[in-house]
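Engineer: Take the sequence shown: its position 149, counted from the start at 1, is 152 in this note's numbering, and no numbers get skipped.
Since the hints were derived computationally from the structure, they do not count as laboratory data.
One or more hints might be untrue.
FRET-style restraints, in silico, Cβ to Cβ [unchecked claim]:
#, residue 1, residue 2, range
1, R203, E227, 47 to 53 Å
2, H211, R30, 38 to 44 Å
3, P11, D183, 49 to 55 Å
4, K208, K303, 25 to 31 Å
5, L196, D114, 25 to 31 Å
Within a straight-line C-alpha distance of at most 27 Å, the following computed DSSO-like cross-link-like pairs (lysine-lysine) qualify [unchecked claim]:
#, residue 1, residue 2
6, K335, K303
7, K303, K244
8, K261, K323
9, K171, K323
10, K247, K323
11, K335, K208
Glycine included, each C-beta is placed from N, C-alpha and C at the ideal position.
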Amino acid sequence: MTEITLLPVAGPALLNRFIRVPERLHRDDPHYVAPLHLERMEALTPKNPFFGHAEVQFWIACRNGRDVGRISAQIDRQALAVRPDGTGLFGMIAAEDDPAVFRALVETAADWLRQRGMTRMQGPFNLNVNEEMGLLVDGFDTPPMLLMGHDRPYVGPRLEALGLAKAKDVYAYLYDVTVDLPASARRLIDRPLPEGLVVRRLDLKRYHDEVRTITEIFNDAWAENWGFVPLTEIETDHLAKSLKPLLDPRLVSIVEFKGQAVGFLVCLPNLNEAIRDLGGRLLPFGWARLLWRLKVAGVKTARVPLMGIRRAASRGVIGKLLPFLLIDAVRKGASGMGFTHVELSWILEDNLPMRHINESLGGMAYKTYRIYERAL
4 MTEITLLPVA
14 GPALLNRFIR
24 VPERLHRDDP
34 HYVAPLHLER
44 MEALTPKNPF
54 FGHAEVQFWI
64 ACRNGRDVGR
74 ISAQIDRQAL
84 AVRPDGTGLF
94 GMIAAEDDPA
104 VFRALVETAA
114 DWLRQRGMTR
124 MQGPFNLNVN
134 EEMGLLVDGF
144 DTPPMLLMGH
154 DRPYVGPRLE
164 ALGLAKAKDV
174 YAYLYDVTVD
184 LPASARRLID
194 RPLPEGLVVR
204 RLDLKRYHDE
214 VRTITEIFND
224 AWAENWGFVP
234 LTEIETDHLA
244 KSLKPLLDPR
254 LVSIVEFKGQ
264 AVGFLVCLPN
274 LNEAIRDLGG
284 RLLPFGWARL
294 LWRLKVAGVK
304 TARVPLMGIR
314 RAASRGVIGK
324 LLPFLLIDAV
334 RKGASGMGFT
344 HVELSWILED
354 NLPMRHINES
364 LGGMAYKTYR
374 IYERAL
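Take the sequences, apply the hints, and build the full model.
Structural biologist: Set out below in structure tokens:
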């Protein structure tokens with residue numbers, strides 16, 4: 004059998020090859036959406052503030068002059084400061100359905116992590132828990148939403164054959180926002196709000212202050228969650244700049260109680276719906292088509308990537324009400340803008356309160372993503 008070579012990625016040309024590997028692997032998959040190359044070039048270079056607290060290496064697997072796979076390995080110092088457990092990360096995995104290719108990729112990443120003192124590998128994370136995480140293991144029959152992965156069904160079994168086992172599953176829930184909430188949820192939401200409780204939209208005039216408030220709530224809300232890594236101030240500033248072109252105040256809800264912001268929900272138009280046939284390219288005519296679809300024709304789907312409620316508020320008398328208010332406010336905003344379906348993701352498999360809320364509001368768990376791990 005021809006030898007498989009692992010090529011470390013260094014420089015823009017090789018990174019561009021690395022980004023394009025999945026496009027050939029998914030060329031006959033009608034549900035695959037190639038991410039924008041320009042966006043990936045930024046996300047996978049030090050322009051992404053993740054690189055400020057992480058060490059990252061990418062590889063391309065080559066055989067007979069062809070690129071047959073890719074993988075990344077990451078050591079996130081921010082995560083290790085929260086949990087000094089020796090866990091290194093892998094991600095960006097894609098390969099032909101060949102056990103030899105998967106073995107070469109996984110063992111190369113494992114060796115790199117082991118040489119740097121890591122005792123466990125976990126992933127896939129692209130590149131960390133606050134970006135994209137998990138391998139699609141159920142729900143291959145629909146396209147991925149914005150900033151969500153889409154994998155071949157054979158990838159999971161190939162990883163498991165190499166000793167990687169499930170660490171955690173996370174779900175993506177889908178709502179039909181053209182349908183009103185179930186009667187039980189509607190009765191809860193339609194009651195007079197407790198005194199001092201206000202649901203409002205994002206204030207673009209105070210945009211950076213609003214983003215900082217959202218980040219503060221996010222870091223408090225999820226501090227006790229599995230895999231939590233706090234967003235840094237630099238990451239907050241980067242988030243503000245990157246999200247602003249897609250944000251619409253009608254799709255962002257903030258709940259205040261007695262003058263303090265205690266919860267938020269951010270919903271974004273599903274960019275993947277607009278770029279589905281661009282092949283990752285915006286030139287020469289991609290920009291025009293993208294803008295027309297987003298601003299004129301409109302997209303019909305959206306995703307909620309960020310949501311949080313301060314822990315003190317969630318445990319208080321208003322705690323049970325807040326998620327319903329946030330989701331209903333965005334549901335109304337989305338349906339009023341012509342959206343038909345909204346995805347809320349990710350939800351941890353053992354976050355039973357949030358899963359029950361999603362299901363009581365008519366949400367359906369339609370995709371499952373899995374994080375794997377293995378001792379090194």
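Engineer: So, for every hint listed, does it hold in this structure?
Structural biologist: Results of checking the hints against the structure:
1. R203 x E227: 47 to 53 Å: 27 Å, violated
2. H211 x R30: 38 to 44 Å: 42 Å Cβ-Cβ, so the 38 to 44 Å window holds.
3. P11 x D183: 49 to 55 Å: 54 Å, holds
4. K208 x K303: 25 to 31 Å: 29 Å, holds
5. L196 x D114: 25 to 31 Å: At 57 Å between Cβs, range violated.
6. K335 x K303: 14 Å, holds
7. K303 x K244: It holds: about 24 Å lies between the C-alpha atoms, which stays within 27 Å.
8. K261 x K323: Between K261 and K323 the Cα gap is close to 17 Å, so the pair holds against 27 Å.
9. K171 x K323: Measuring from Cα to Cα gives roughly 25 Å; hence the hint holds.
10. K247 x K323: 30 Å, violated
11. K335 x K208: 23 Å, holds
Figure legend: structure checked against the earlier numbered hints; hints not met, in rising order: 1, 5, 10.
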